[in-house]
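Enquirer: So you can see what is in the structure, the chains are spelled out below.
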Amino acid sequence: MLSHEQNERLVRTNKGTEMGELLRRYWIPALLAEELSGPDCDPVRVQLLGEKLIAFRDSDGRIGLLDEFCSHRTASLFFGRNEECGLRCAYHGWKYDVDGNCVDMPSEPPESRFKEKIKQKAYPTVERGGVIWAYMGEAGRMPEPPALEWATLPPGQVFVSKRIQETNFMQAMEGGIDSSHVSFAHRFDISDDPMHAGTPGLAYLKADTRPRFEVIESDGGLLIGARRNVDDDQYYWRITQWIMPWYTIIPPFGTHNPLGAHAWVPIDDETCWAWSINYHPTRDLTEAELASMRRGEGIHAKYIPGTYRTQANAGNDYLIDRDAQRAKKTFSGVEGIAAQDFSLQESMGPIVDRTKERLGTSDAGIIMARRRLLAAAEDAAEGKPVPGDQADHHRVRSTSVLLPKSEPFQDGASDALMVRPGEPFVSI
Amino acid sequence: MLSHEQNERLVRTNKGTEMGELLRRYWIPALLAEELSGPDCDPVRVQLLGEKLIAFRDSDGRIGLLDEFCSHRTASLFFGRNEECGLRCAYHGWKYDVDGNCVDMPSEPPESRFKEKIKQKAYPTVERGGVIWAYMGEAGRMPEPPALEWATLPPGQVFVSKRIQETNFMQAMEGGIDSSHVSFAHRFDISDDPMHAGTPGLAYLKADTRPRFEVIESDGGLLIGARRNVDDDQYYWRITQWIMPWYTIIPPFGTHNPLGAHAWVPIDDETCWAWSINYHPTRDLTEAELASMRRGEGIHAKYIPGTYRTQANAGNDYLIDRDAQRAKKTFSGVEGIAAQDFSLQESMGPIVDRTKERLGTSDAGIIMARRRLLAAAEDAAEGKPVPGDQADHHRVRSTSVLLPKSEPFQDGASDALMVRPGEPFVSI
Amino acid sequence: MLSHEQNERLVRTNKGTEMGELLRRYWIPALLAEELSGPDCDPVRVQLLGEKLIAFRDSDGRIGLLDEFCSHRTASLFFGRNEECGLRCAYHGWKYDVDGNCVDMPSEPPESRFKEKIKQKAYPTVERGGVIWAYMGEAGRMPEPPALEWATLPPGQVFVSKRIQETNFMQAMEGGIDSSHVSFAHRFDISDDPMHAGTPGLAYLKADTRPRFEVIESDGGLLIGARRNVDDDQYYWRITQWIMPWYTIIPPFGTHNPLGAHAWVPIDDETCWAWSINYHPTRDLTEAELASMRRGEGIHAKYIPGTYRTQANAGNDYLIDRDAQRAKKTFSGVEGIAAQDFSLQESMGPIVDRTKERLGTSDAGIIMARRRLLAAAEDAAEGKPVPGDQADHHRVRSTSVLLPKSEPFQDGASDALMVRPGEPFVSI
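Respectively, the protein sequence lines represent chains A, B and C.
Under this note's numbering, the first sequence is numbered contiguously, ending at residue 428.
Under this note's numbering, the second sequence is numbered contiguously, ending at residue 428.
Under this note's numbering, the third sequence is numbered contiguously, ending at residue 428.
Since the hints were made in silico from the structure, they are not lab data.
Some clues are possibly wrong.
All copies of an identical chain are treated as equivalent in the list; a pair is satisfied when it fits inside any one copy or across any two copies.
[Claimed, not checked] Here are the simulated lysine-lysine pairs, DSS-like style, with alpha carbons at most 30 Å apart:
1) Lys356 - Lys15
2) Lys302 - Lys384
3) Lys52 - Lys119
4) Lys302 - Lys162
5) Lys15 - Lys206
6) Lys121 - Lys15
7) Lys121 - Lys405
8) Lys329 - Lys384
9) Lys384 - Lys52
10) Lys328 - Lys121
11) Lys121 - Lys52
12) Lys162 - Lys405
13) Lys356 - Lys119
14) Lys15 - Lys119
15) Lys52 - Lys328
16) Lys384 - Lys328
17) Lys302 - Lys356
18) Lys329 - Lys52
19) Lys356 - Lys384
20) Lys119 - Lys328
21) Lys356 - Lys115
22) Lys115 - Lys384
23) Lys162 - Lys117
It should be emphasised that the depicted structure is a prediction, and the values quoted were computed from it without experimental measurement.
Extracted from the complex, chain A is given alone in its bound form (with noise of 0.2 Å):
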């Protein structure tokens, strides 16, 4: 439960905004790489953080990502003709590069040097993992590029995809964060998933329904432990890690299934993109798994052709068939993890006032994720460093383990907590 001054604090984002002004201090995914396809491709709209920007390769294929709209008279860059290196107004002409720079300006007389005068709003991005990353912050303070494990690792390892969901970004990531959830909305998911079938972490988790959660900080973020009694001396741990400000990875079952992990990243204040991703450290990935994943099944979403959005949202009550509720096929009904967890997070409205909340125990990591975002933005906005910019924090793997009742869990799987290039990850 926040205030709400509180809660405003924590999802607004535009620029000037605490938080808006936090969430500049990182790396944010923008687009797909593919979305962009070569030089002079199609310019592409982007919102971001409440700004509208747009997109494009130039006849060099270097990615231009810039204020949407033109510093003439403000028409939509969208129209603009992408050709020989620069984006170009089709209103009256203005031409820009992929810096911002003005590089012609053929309404005005040749002499006139007005165009020396024009920057158009340019934001550095790079590509990694399949996705264009931008950088929305003062210049001086632009951190390591990303180092999560899915944005390093060979393409054929990496399936990305994103959609739009119709809530903040916050209630989306809590969602990521909070894994308490699991064992309800996506009950009847996880236990008849074939792919889990017959993995030790599975029958635990079975076994014992009611987790207990401790949730410590990480250098980047957050370490989310969910433990459950395995026997006397046992527990057996799933770690889930949040890493700073947006970022989540799923504890997995087992060593053979792909990982799975997530970005929450604000269009505005009341939409953002939900970015799925699911990767494999040690091998690539399966056709049967692509296939999989392109149809929108696991942790993806199945789409409205041409559009980022889903089959399933708030106009035809995400598809719910009460049926398969009944029929415990699925828990509320909506079919598909992601789905179950848009419909209830978009259930909330755009931005859920936290005034009215009851939190318990388990939302632990929730309480601690919170905080630390607004303890980071008090901190950004006195110009200190933020945790999660480094690319040390990005290089962290979530886990299952048995451990000893006695240990610490963020001791005991110090070890498989961390992504070491090449090697198998740890999970039982």
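We have chain A already, so just place chains B and C on it with the hints.
Expert: Just chains B and C now, with coordinates in the frame of chain A:
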């Protein structure tokens, strides 16, 4: 004509508003009984007076009407599992009984007593006349259950429908109180209706197109009398009952047809439920009558399948047919009594600006109903009794009668205006 | 670039605003004459400068333009019965003549004189050039009727269309004033147009792509001259007329084609009517020309059937065709001159934020038009005369001519810039 401030007092019905608190002193028609199909049925969203609620029948058939949003993290209980005597939130499994008690909290440790501190908002209900009614006011002030004649007859004698109207409830109800408009908006429907053919009432109605209105207070609301000249000695009186806070009964032609009645209930301040009821005090409705009502004829409406929204709506100009208007098949070009009313009422905007009206003598019923509601709202704010909350106030009928010119209509028709269970009603 | 306050003064047009009161000093194109098909036709909703109105022809063919909402209880007169020299409200039968007099009030007793106190707001109209014009200002200040050349020609010489644009009227009109954008947004349409082929003007236009602009005040608005180098001695001048408050005439190529003109009229502050007119001063339009205009070609637009909304619109990204853009069939990827304009103008948002512009020398026409409108609005507020309200201000033409470099364009082209009824216009 009202001041802006008076208009605001009249139309605002959220919790804490003066009118909202008055309306919470009454039983509120909440949903059709058939919408909750039986024990452990699908939960149904209900919005009343601005409050979003969820309705269900539990395993024992008891009706629950709870705050739609779970006390834990405010996910909608629409996705909840209705099973084993309670509704369980699909997000983390918190479960509520029909009284709003949290009866299970599986996300917390077994020894936790947190659930005892949780109380989901829950409103009492009664089921009568094919309708589930809710009481949303203070516990100590609950009135007698609804005793309207149509709510107390055997099921075979009653047909109830409801539709969504895109206006404030007052604007819709004023149409029900205002019998003057019948001679215009519904002229060709009334005069051509074979059901009325041959009744003396219809002949008198046609013979004098400019009735005089007399409105007097009844115990529970108003008696709105419209008188027409018959001869030197007699008036033909058509007398409408308005029962506080939102019920009307239409004066009949003869006694062979079912009676008609309405209720107008706020969903929020810009939409309302228009309830339409046909009933016959002394006989079952015939199959032909029921079939016609189910087709949306008479005072009922034709729906977009699967919804309570009408086929004729603002998006299609209410299917206006200018040829039918020219041919005097319909007065406004809109077909059907209900659509004729709501098309005109919605055309005023969702909340009519009553500072712009110019009211005449024929608007006396509307003027007095507003006064009575505003006065009762003040009384309610002071904790005083309010009209229309007693069973006796409900046991009334509308009528049409011939009376000597010298006789006040409320005296001459006093018997006809009372419900006499099992006895025929009076109408010419 | 304007201050926020200046921008607000420029774009707000409701009754009581400074610009709104200026615009009410002029005759306003209200609807196509054909929309009111004849005596006792269907009433048609019209919104102008934020006011909702209803238009009809009475039994004698006289045009009525009334407040849409009945004085009685504010139901829309759209549902009214247009019969026997008046429009009768469908709710309670109040009837108005074209002057707004309440000529029948059948809901009140016959002896009532209440109707004499009722006056429905009614605006005078004139019908000219296939258009019904309204005067919404003070009775004592009504200007001479519109005398634009296209409004005074025989019907066979004129074609008029209108479409809804989702922007403030100023934003749309600025596109009409701004002849600089033609070289970009419409480049391939102009240069490939077989209608212009072989005219000297087109050759000069292509030879010098960076015209200089000179803008001077005319009696009724502005003369916007764009000059291009031809040789050592001569300039090629293209001269656009802007007539206060919202008319433009496009400079022609040669004299064989019809002329083009526009009017931009506020519906409300976020939408406007874009009127497009083709006319030839000395001959009838041909069947082939009319067929093309009816298909929405040239300056006209293709409609969604049964509406004045365009097929290309924000909901479908204006049917952008990136292949056509790459192939240099269209500059912006959008097909059609009208759609090229409104796609860019709507992309700025419904009311462009003029504090963010960076204007150059080619924007001189826009800058001066804004100044003249703001100054005239101040004059209007002080009850002074305003430019553009006299018939002589309307009797002007645009032109394209060769002039000696030493000659001011307004002098050299002075004859060509005047309407000479029945005489050919001048253009190369």
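Enquirer: Each hint: holds or not?
Expert: Consistency of the hints with the structure:
1. In this assembly of identical chains, the alpha carbons of Lys356 and Lys15 lie at most 30 Å apart whether taken from the same copy (28 Å) or from different copies (16 Å).
2. In the homo-oligomer, the alpha carbons of Lys302 and Lys384 never lie at most 30 Å apart, since the shortest distance is 41 Å inside one protomer and 57 Å across protomers.
3. For the identical chains of this complex, Lys52 and Lys119 are intra-copy neighbours only, at 16 Å inside a copy versus 44 Å across copies, given an alpha-carbon limit of 30 Å.
4. Proximity of Lys302 and Lys162 under a CA criterion of 30 Å is satisfied intra-copy only: 11 Å inside one chain copy versus 36 Å between copies.
5. For the identical chains of this complex, Lys15 and Lys206 are neighbours neither inside a copy (46 Å) nor across copies (44 Å), given an alpha-carbon limit of 30 Å.
6. Within a single copy, Lys121 and Lys15 get their C-alpha atoms as close as 13 Å, which meets the 30 Å cut-off; across copies the closest is 39 Å, which misses it.
7. In the homo-oligomer, the alpha carbons of Lys121 and Lys405 never lie at most 30 Å apart, since the shortest distance is 55 Å inside one protomer and 41 Å across protomers.
8. For a Cα distance limit of 30 Å, the shortest separation of Lys329 from Lys384 qualifies neither inside one copy, at 49 Å, nor across copies, at 53 Å.
9. For the homomeric pair Lys384 and Lys52, the shortest alpha-carbon distance inside one copy (28 Å) is at most 30 Å, but the shortest distance between copies (44 Å) is not.
10. When the C-alpha separation of Lys328 and Lys121 is checked against a cutoff of 30 Å, the pair qualifies only between copies, where the shortest distance is 28 Å, while the shortest distance within a copy is 52 Å.
11. In the homo-oligomer, the alpha carbons of Lys121 and Lys52 lie at most 30 Å apart inside one protomer (11 Å), although the nearest pairing across protomers, at 41 Å, exceeds that limit.
12. For a Cα distance limit of 30 Å, the shortest separation of Lys162 from Lys405 qualifies neither inside one copy, at 39 Å, nor across copies, at 61 Å.
13. Proximity of Lys356 to Lys119 under the C-alpha cut-off of 30 Å is restricted to the inter-copy arrangement: shortest distance 12 Å between copies versus 46 Å within a copy.
14. Taking the shortest Cα distances, Lys15 and Lys119 sit within 30 Å of each other inside one copy (19 Å), while across copies they are farther apart (40 Å).
15. Only between protomers do Lys52 and Lys328 lie at most 30 Å apart by alpha-carbon distance; the minimum there is 27 Å, versus 43 Å within a single protomer.
16. Proximity of Lys384 to Lys328 under the C-alpha cut-off of 30 Å is found in neither arrangement, the shortest distances being 50 Å within a copy and 51 Å between copies.
17. In this homomeric assembly, Lys302 and Lys356 never come within 30 Å of each other (Cα to Cα): the closest approach is 32 Å inside a single copy and 40 Å across copies.
18. Only between protomers do Lys329 and Lys52 lie at most 30 Å apart by alpha-carbon distance; the minimum there is 28 Å, versus 41 Å within a single protomer.
19. Taking the shortest Cα distances, Lys356 and Lys384 never come within 30 Å of each other, neither inside one copy (32 Å) nor across copies (32 Å).
20. For the identical chains of this complex, Lys119 and Lys328 are inter-copy neighbours only, at 27 Å across copies versus 58 Å inside a copy, given an alpha-carbon limit of 30 Å.
21. In this assembly of identical chains, Lys356 and Lys115 lie within 30 Å of each other by CA distance solely across copies; the values are 16 Å between and 53 Å within a copy.
22. When the C-alpha separation of Lys115 and Lys384 is checked against a cutoff of 30 Å, the pair qualifies neither within a copy, at 37 Å, nor between copies, at 41 Å.
23. Proximity of Lys162 and Lys117 under a CA criterion of 30 Å is satisfied in neither setting, with 38 Å inside one chain copy and 40 Å between copies.
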